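Number of protein chains: 2
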Amino acid sequence: MRITLAAVLATMISAQPGTAQTAPPAPPAAPAVIEDFRPSSLNQPGQQYPQVNSQGYARFRIVAPEAKAVKATLGLGGRGGTVLTKAPDGAWVGTSEGPLDEGFHYYHLTVDGGTFNDPGTLNFYGSTRWESGIEIPAHDADFYALKDVPHGRVEQILFASPSTGSQRRAFVYTPPGYDKNARERYPVLYLQHGWGEDETAWSNQGHANLIMDNLIAAGKTRPFIIVMTYGMTNDVRPGSPGGLASFDIKPFETVMVNELVPYVDGHFRTLADQRHRAMAGLSMGGFETKLIAPKHLDTFGYIGLLSGGTVSLDDVNATPGYRDKVRLTFVSFGSRELEGGRAMGPPGTPRQDPRANAEALSKAGIKSAFYVSPNTGHEFQTWRRSLLTMAPMLFRD
Amino acid sequence: MRITLAAVLATMISAQPGTAQTAPPAPPAAPAVIEDFRPSSLNQPGQQYPQVNSQGYARFRIVAPEAKAVKATLGLGGRGGTVLTKAPDGAWVGTSEGPLDEGFHYYHLTVDGGTFNDPGTLNFYGSTRWESGIEIPAHDADFYALKDVPHGRVEQILFASPSTGSQRRAFVYTPPGYDKNARERYPVLYLQHGWGEDETAWSNQGHANLIMDNLIAAGKTRPFIIVMTYGMTNDVRPGSPGGLASFDIKPFETVMVNELVPYVDGHFRTLADQRHRAMAGLSMGGFETKLIAPKHLDTFGYIGLLSGGTVSLDDVNATPGYRDKVRLTFVSFGSRELEGGRAMGPPGTPRQDPRANAEALSKAGIKSAFYVSPNTGHEFQTWRRSLLTMAPMLFRD
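So the protein sequences, as listed, match chains W and L. Residues 1 to 397 in the working numbering are what the first sequence spells out, letter by letter. Residues 1 to 397 in the working numbering are what the second sequence spells out, letter by letter.
Chain W extracted, bound-state conformation (with noise of 0.2 Å):
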């Protein structure tokens, strides 16, 4: 618990780059590309570009037919950029060199040096903007897909925050069967997304409410609420002021848990209680989720970090409470975040193997699970598995 969120922030600020890898490194004979391109399935209604294949490349066209230059950039550092070439027809097409992991990708493109969207596709709130998206059809994406099963919902709230002098947004999913059964009272997570992305990423991008819908619709996971709101109290871009280095968690803190939990408890049917409350985040959400839910272990009885740290048996031996209080401790990465098994940390600390915590949690009867989602990185495939995996563990007992 000895970080700051400030170190915290920059780590995951230099990790970000490395999202949307074209991998594995090609082979010495690289395959054909397969021509069964096809629409992504976030482009905006009736486009037909970007598309991508069964192998997982994306193809660009974009229209600029007075252009110099135009390129597709991949991930905040570029790396899985293409550079679009003049068709006849003035269009800028290009294929990624390599395929793209599964699932979703945020992207720009470059036009003679300035940064646009893709006209063809929706957009998604992540690195502190609305960028265009692309997803590459995953083998196990039925588990997110919407179906003909009872939905839940999801409902924007507005609620009061006396501490910042702000109506604040929430997102809050309710499951099926919330409206009519007017007796039953639901387990709360509080889901946090991860840096330069908001309260609308773990509906839009994330899709929490299908992964819900499917779960429940298979009697896999019990119905709980899940809230989603901004992690922010603050302007915390690079270079801004009042930026990461005086980035400072308590004002979210407050947030939190004086303002937003007794919000959602006064106006949802929720179990009130220590032991039907869960925190969890990704990346930057889950380094708030350790800085936030240990210190309120009356408030929290779950714990959940996606991509966003470890909890060392040192860390619970520091937090008063924790051992006794916390029902789950549940860890999550992608498989390429790992090197050797373990987890970048803050700047300036070596890495930590997050299995071997786990597993000393477990050891010591504190109860943790871990989970590492197979060929994909920091991005939102990931999170979605990560999210499907501990959503049947909590509110157990």
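One or more of the hints may lead you astray.
Copies of the same chain look alike in the list, so a pair counts if it fits in one copy or across any two.
[As the list claims (entries may be wrong)] Below, a list of computed lysine-lysine pairs in the BS3-like style, where the Cα atoms sit at most 27 Å apart:
(1) LYS71 / LYS86
(2) LYS147 / LYS250
(3) LYS86 / LYS68
It is worth saying that the hints were derived from the structure and are not from the lab. Every value quoted in this text rests on a predicted model; they were computed, and no experiment measured them.
The hints should help you fit chain L onto chain W, whose structure is shown.
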């Protein structure tokens, strides 16, 4: 009622290019542009451009140092376009030729022949794509401001639609107190978007939820539920397969009357009868209302057409039950949509005078209301004000 929807849609599409006019025509000595530009309220977090000033001018700044030509186009038809010029720092800048109407305007960029969104702004679904938006501060902006009052929710629901073989999305506004007053039941307004928009428009562009929150906080309207869904069941873009020429109201009528209304009555605490159910819509949504509601007068007791046609005494006399069953016919336009008091009708038909029509209804003992939004056109400021005006008139008895 004898109009065809295809003809109506064609009218709407040809009418839409008149939006976002720079108005009024420049007087002989144009006033100096006042240099009090501030970021538009619809900018992405932290973005300084586009900006607006107190006179209603818009100023754009686009970074694309290698581009040959950059233009900002307001409205579908290109009127109000602003050609940007390259500043010494490599950014493209420009100010609209004149002040724009108060309220919300769609726009997009043309960069070297390609159509892109302004990376500075949020995007809004209009003209069948997600477009940039800019907000010219209105003198009456207070009625849709986010204030410290009790807030209702905007809930995303997914409902099964056997007739279209799909899971369809709607947004449902529930008023403040809906969660607390577990025994209270509420009237419902079904509120449709315009051509090229979708079920997100009334919340995102229209601020329907904030308009209701503020009206309810001031005691000016009865709290009621608003349901907003997508008013298309096929691909109606010009030139597309199954486009305008083949558009048929029947499939959406089935979704609305046979699927959505029963779903809402089954899953929300509604007053599930004719006198507590209204249908209204803007532009094409108004024409859809006029095509659907009068055929289902045991379902809908209130009818609202916002820039979406008028109801004449002939219409009433040709519609069995209208005179006895419709509790209010609300019609509105923006002042700039009327020429000599007359609104454009379907092609080949003379312009009608909606005020005269409304007065003829009232004279014949049919409850009718007519509203004109001052100095606005076929745009969302007209429809925000129309909802503000219409809501207190609904469900009064």
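Now for the hints, and whether the structure bears them out:
no.: 1; hint: LYS71 / LYS86; verdict: both (11 Å within a copy, 22 Å between copies)
no.: 2; hint: LYS147 / LYS250; verdict: between (41 Å within a copy, 25 Å between copies)
no.: 3; hint: LYS86 / LYS68; verdict: both (9 Å within a copy, 16 Å between copies)
Checked against the numbered hints above, the structure violates none of them.
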